[in-house]
Amino acid sequence: MAIITISRGSYSKGKEVAEKVASHLGYKCISREVLLDASEHFNIPEMKLVRAIHDAPSILDRFSRTRQAFFAYIRYALAQHVKEDNLVYHGLAGHLLLKGIPNVLKVRVIADLADRIRAEMKRERISEEAARSLLLKDDEERRKWTQSLYGVDPQDSSLYDLVVHVHKLTVDDAVEIISDTAQRTPFKTTKQVRQKMEDYGLACQLKAGLADSFDNVGVKSEYGSILVYAKGNDHYVQRVRKRATEVTGRMSGVNELEVHAVRKLPLDVV
Amino acid sequence: MSIILISSDHYETCRAVAQQVAESTGYALLDRKILGEVASASRIPEPKILKSLEPSSSTVGLPAKVRNRALAAIQSAVMVRLLDDKVVCYGLAAHLYVLGVSHVLKIRILCKEEERVSLMATERNVGIEKARKLLKKQEAVQKRWSLDVFGRDETNPSLYDMVINMSQIEPDEAVNAIVETVSYRKFQSMTYSIKCLKDRELSIRVRLALMEKYSDVDVTADGATVVVRTKALRREKRKKTENIRALAGQISGVSYVEVHAGRDIFRQAAESA
Chain A
5 MAIITISRGS YSKGKEVAEK VASHLGYKCI SREVLLDASE HFNIPEMKLV RAIHDAPSIL
65 DRFSRTRQAF FAYIRYALAQ HVKEDNLVYH GLAGHLLLKG IPNVLKVRVI ADLADRIRAE
125 MKRERISEEA ARSLLLKDDE ERRKWTQSLY GVDPQDSSLY DLVVHVHKLT VDDAVEIISD
185 TAQRTPFKTT KQVRQKMEDY GLACQLKAGL ADSFDNVGVK SEYGSILVYA KGNDHYVQRV
245 RKRATEVTGR MSGVNELEVH AVRKLPLDVV
Chain B
157 MSIILISSDH YETCRAVAQQ VAESTGYALL DRKILGEVAS ASRIPEPKIL KSLEPSSSTV
217 GLPAKVRNRA LAAIQSAVMV RLLDDKVVCY GLAAHLYVLG VSHVLKIRIL CKEEERVSLM
277 ATERNVGIEK ARKLLKKQEA VQKRWSLDVF GRDETNPSLY DMVINMSQIE PDEAVNAIVE
337 TVSYRKFQSM TYSIKCLKDR ELSIRVRLAL MEKYSDVDVT ADGATVVVRT KALRREKRKK
397 TENIRALAGQ ISGVSYVEVH AGRDIFRQAA ESA
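Quick note, the sequences are listed as chains A and B, same order. Heads up: the first sequence runs through residues 5 to 274, numbered per the numbering used here. Heads up: the second sequence runs through residues 157 to 429, numbered per the numbering used here.
Calculated directly from the structure, the hints in this document are not laboratory data. Note that the Cβ used here is the ideal one computed from N, Cα and C, for glycine as well. Please note that the accuracy of each hint is not assured.
Dumping the calculated BS3-like pairs for lysine-lysine here, alpha-carbon to alpha-carbon at most 25 Å [unchecked claim]:
{"#": "1", "chain 1": "A", "residue 1": "K268", "chain 2": "B", "residue 2": "K299"}
{"#": "2", "chain 1": "A", "residue 1": "K32", "chain 2": "A", "residue 2": "K195"}
{"#": "3", "chain 1": "B", "residue 1": "K342", "chain 2": "B", "residue 2": "K207"}
{"#": "4", "chain 1": "B", "residue 1": "K289", "chain 2": "A", "residue 2": "K103"}
{"#": "5", "chain 1": "A", "residue 1": "K246", "chain 2": "A", "residue 2": "K224"}
{"#": "6", "chain 1": "B", "residue 1": "K292", "chain 2": "A", "residue 2": "K148"}
{"#": "7", "chain 1": "B", "residue 1": "K299", "chain 2": "A", "residue 2": "K148"}
{"#": "8", "chain 1": "A", "residue 1": "K200", "chain 2": "B", "residue 2": "K207"}
{"#": "9", "chain 1": "B", "residue 1": "K221", "chain 2": "B", "residue 2": "K286"}
{"#": "10", "chain 1": "B", "residue 1": "K268", "chain 2": "A", "residue 2": "K192"}
Here are a few chain A residues that sit away from chain B, every Cβ distance over 12 Å (derived from the structure) [said to hold, decoys possible]:
{"#": "11", "residue": "L109"}
{"#": "12", "residue": "L117"}
{"#": "13", "residue": "S161"}
{"#": "14", "residue": "H171"}
{"#": "15", "residue": "K172"}
{"#": "16", "residue": "T174"}
{"#": "17", "residue": "R188"}
{"#": "18", "residue": "F191"}
{"#": "19", "residue": "T252"}
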């Protein structure tokens, strides 16, 4: 009874590990499904969402509300899956999207560059040089993307609970290690954790409803009481309040809504 | 029959985990207690031996020659003990120089950041924010040290088989994971992996012996054959090669010595200037 996010570079065998872990534990395994759900729910072409979470943002993109809105939509779609529990997510940035949910086992699967190059050469039928260049470019895109959104380097081990190096350890060993860890006490879904997941789902839903019009907004929920933090002048805060009231009116499970004006957004908000 | 090397961003945590792993597996614990013996065998004072393992942000550290010799002495002592097999080693930077041996399981343990910050705040008697900054600085110094001395970034996860973050995982669970992983067949010693370790042990032993006279040598070993790479001026090349061959040939386990002396362009340029 846990949620596992598996972060990986291209050709790191992370996908294979994720699928095998899910099958071993009887969990649902998702990746692209989150994008499809977001695309369908918010009526955005999937390709645009893929670009928003894959490509490194340009300088203009960093301040783009659209990009942030897409990101909120994807997080909302993921939060809906998370509520169902027993999940392995191996799409982009799961460990960052689900920041704040306590029972998530965050795993990174890594492989040696030489092994990855060999896999890329075999699959794409390209030269060693071309494969190396593609892999390094892809790693760099992902690094810049995570850096711009979260200010962290995805290769920093401290972002994960477990980093498994698939080289001496095989895919099956990695599956065994991850499955075993996921069943340990800190990752079990308790009543409190379930409540946190519900709250996280509510916060993500409201954030997705606000993200297309407001960028300096943070949302959190505690037992169905939603707190919205808005960074801006009185007029801005009033507009946020009005929109938040409209959105929460269509949501179920909301007990209360408070909107606060702040100078700096708290760290524990979505 | 395996070897477990444990590294961490926090020495005390590393020690606690290593001790528990050693108890659970029944393996011998190899740690800084050997430094006294290393000091007497190498005739380098123990404080200097210890200092060579501790990165310092100060510009007044150990002279490079002393530091390299001290580290080579530590490496040699560690390698000999690793040959005994069934060893859990920590605190001796072995993860940075025991490479290419298949029955070695390398683990990195990451301590809870908040715990490290509060420990630093208590140790240095400073506030939390100041302690956080000091910790970042300490991490940068540690990383630079591993790169300077061994040419490897010890924070790079690909240096290890597994990295365990103790933010959510309890020490007992980390120990269980390590003990289970080391029981995998691929971490059992084999004739070839033991040979790899023996070759490394011999190469570092030869390097240590040569370092007293020649500090710039690089040594590899394959069975009883030793290859020494060094640099020399044209006029001293023959003499240096013969000396190295003679010195290395006296070491037990060495039957053939090959010396490659490249041109020392920096000294040559300095002498011609």
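Hint by hint, here is what the structure shows:
no., hint, result
1, A/K268 <-> B/K299, "violated, 33 Å"
2, A/K32 <-> A/K195, "holds, 20 Å"
3, B/K342 <-> B/K207, "violated, 35 Å"
4, B/K289 <-> A/K103, "holds, 23 Å"
5, A/K246 <-> A/K224, "holds, 17 Å"
6, B/K292 <-> A/K148, "holds, 21 Å"
7, B/K299 <-> A/K148, "holds, 22 Å"
8, A/K200 <-> B/K207, "violated, 48 Å"
9, B/K221 <-> B/K286, "violated, 35 Å"
10, B/K268 <-> A/K192, "holds, 20 Å"
11, L109, "violated, 8 Å"
12, L117, "violated, 8 Å"
13, S161, "violated, 5 Å"
14, H171, "violated, 8 Å"
15, K172, "violated, 6 Å"
16, T174, "violated, 8 Å"
17, R188, "violated, 5 Å"
18, F191, "violated, 7 Å"
19, T252, "holds, 32 Å"
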